[in-house]
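As you go down the protein sequences, you meet chains A and B in turn.
Our numbering numbers the first residue of the first sequence as 7 and each following residue consecutively.
Our numbering numbers the first residue of the second sequence as 311 and each following residue consecutively.
For the record, the hints were derived by calculation from the structure and aren't laboratory data.
Don't take each hint at face value.
To be verified - Calculated pairs, SDA-like style, for lysine to any residue (alpha carbon to alpha carbon, straight line, at most 25 Å): (1) B:Lys600 to A:Asn165; (2) B:Lys600 to A:Asn37; (3) B:Lys556 to B:Leu581.
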Amino acid sequence: MSTRGITLYLHVHQPLRVREYSVFDTALDHNYYVEPDTQSDRNNEKIFRKVADKSYLPMNALLQKLLDTQPDFKVSLSITGTFLEQAEQWAPDVIASFQKMVKTGRVEIVAETYYHSLAFFYSLPEFERQVEQHRLKIKELFNVEPQVFRNTELAYNDNLAQWADKQGYTGILAEGWDLILDWRSPNYVYQPEGTENISLLMKNYRLSDDLAFRFSNKEWQEWPLTVDKYTEWATASIADQPLINLFMDYETFGEHQWEATGIFDFFEDFVGRWLANPDNTFYTASGAIEANKPVGTISMPSTVTWADAERDLTAWTGNAMQQEALGYLYALEKDILRTNDQALIDDWRRLQTSDHAYYMCTKWFTDGDVHAYFSPYDSPYDAFLYYLNVIRDLRWRLHETHKTGGLRG
Amino acid sequence: MLGWELPPHNSGGLGVACYHLSKAMAIQGASIDFVVPYAAEHESIDFMDIHSATDLSPLERYGMGAYDSKFALEHADEDFGDLKDIRGVQRQYTRFVEGFVKKKSFDAIHAHDWLTMEAGIRAKQLTDAPLVVHVHATEYDRAGGNYGNPIVHEIEYQGLMVADRILAVSEITRQIIIDKYDIPADKVEVMHNAIDTASFDDGYEYDRRTYRYLEELRNEGFTVISTITRFTIQKGLEYLIRATAKASEKYDRIVLLLAGDGEQRDELIELASELGISDKVFFTGFVRGKQWRDAYSVSDVFVLSSVSEPFGLTALEAAHHDNAVIVTKQSGVGEVLHSIFKYDFWDIDRLADQIVGIATSEALQSSLKQNIAQEYARVSWNDIAKRCMDVYKSTARPKLQVAA
């Protein structure tokens, strides 16, 4: 019998936010992403440096310490290309600290799209190009080949699993959503519907979200969350089951939950406590799959994500503005790619980052506060207008530089 | 004269009209004391004496009260003592006028809109000088055709009742005063606004780069429809967007420039998106200076879409910048223009037809532009000032002999 273990998977990402790009910039100024105001929440450098100090550097230091002191500690990371580009520019020490961790052999890098996009749902060829671009970037920086795939926002369906299976990935990640699992537990390895070799790891969202969302919430009846309590819950959850898949944003540590909440100390103590029991271990995503055969087949014909109460894509594509914006963006694909103008292609791909659409989300009600926290704009409407103006400017550049026959495309 | 704003401290057209009227009357020989509710310099005004009724800055005196009924009775957080809401400012304004009219004598009291009507009534009581109430907008207009704020409505009613003469900026407004406020018809006369074309001769040259994307669309044969306004329910912009969507179904090469800002903005963005025409609608935000002038210049067709518009000076400004003009039948400016299209504010089918017609017929568009050019400046502020002086004379008390 295999040892029971935690699959800790952290998602590392920063979008390249669009500045307040007005009608009066359109067709004149092609700078979309560099906000000159150094105090603005749309200044990507300011945000990146802030999060590096609050989260990436201290958390990497902690992860490194755990790797050095706990031989059984392991972690999996997905790191977007959009993040890596910014880190290379503004915080090379962050890259270096990730590289050092990966060298231990106990940190697995997970595959995804370079631009943190929803391209799978709009253009399969473009999606594949971005996955390949990400693979090359990871190879360049970390000299590893990802074996397990995760899609942006954990947006998953059977078609995606079948695609990943054909690509030769050994595993794929998804939300362990009750409506899909029904009576089943997320604490096993499954096989996606219609696949040959690939395995599916599903997020234990209760235990994951206890840390990611609830840890510092004083309204929560379990606050403050102690290591004792959390260890007890984890132990109860895994009794006679092999896995706990803790999937969350990396920025949970230090950014979503500030250092003052005690999240770093909590995490360090919990890892120590967990591994103090000889029956317990940590797995990388690949390790969990190697150690456990699938116990059954899971089918998700409709797309499931890890977001919101609905666990669907409505936070990104739910309203008319988002649908229009993404429609206009992907309508440019052929013309943009034909130009071979790398600067133009990069700018177009940066607009595919799902965060842009997320900022246009208007469902303020049950999930409203989460969205408000993550938006650098006054309102979803402002986010939409700036974005639309950038799309117009892309058309302008196509027309002006590459003679595509007019702004109508 | 009792007013609420003068350029450059105005929030909208009220201050512009007061400025041009006063200036033209001063040229006719009138001596004018103009009371404003704030303290500020008016460097370009040397033709009359300006008096400040309070020490408030122009930003603190609830300028929007002239345009939006919602602002009328909203309390602000700032503590201005008795001046903490617009009613407080009005009380102080009235107290100031009471003191002021005791020191000097006048042939006429000329009060502009509801904000100064109470002061006008007190001035008349104290001096027995005739009260001329000049109506640029009623509460009925500001509330988008609804009853609006009952207190504001009542103040307007009192002012209109006590007035010796009432000047309405259009026949539409005159009818509202007669119908909605029960004022005898013979007490109300129409005094249209005018455009001072000289004020546009400041060396302005259209800069094609300001709206470069739109200029390129024009090169590709697109017609730019525009409006420049506050985004409030009074302005009927929802109908304009719906008509644009409808027109696009018949003829795709049109775009809509919405210059301005206001509480309805988010709703309008959402509406354009629901209709699937976000790509055709350009939101500029609040525009002034060059961006404001260039918005008129980049435009081919200007639409004044108001649900209820006492006058609508922007239509004349658009005509001055070589636009074809479409106005609602509920807009007073339609009374002084002939070479325009008119529609009922709710009639999006008709507006869509008119837009498509102008956009698809070069001949129609150019004849509208040429003909309106002969019409829009026909009435001048000088003409209006002359008529205004006649009104003063007709209301003069025989026993009073007071120098202007």
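Checked hints:
no., hint, in the structure
1, B:Lys600 to A:Asn165, "violated, 54 Å"
2, B:Lys600 to A:Asn37, "holds, 23 Å"
3, B:Lys556 to B:Leu581, "holds, 13 Å"
Figure legend: structure checked against the earlier numbered hints; the only hint not met is number 1.
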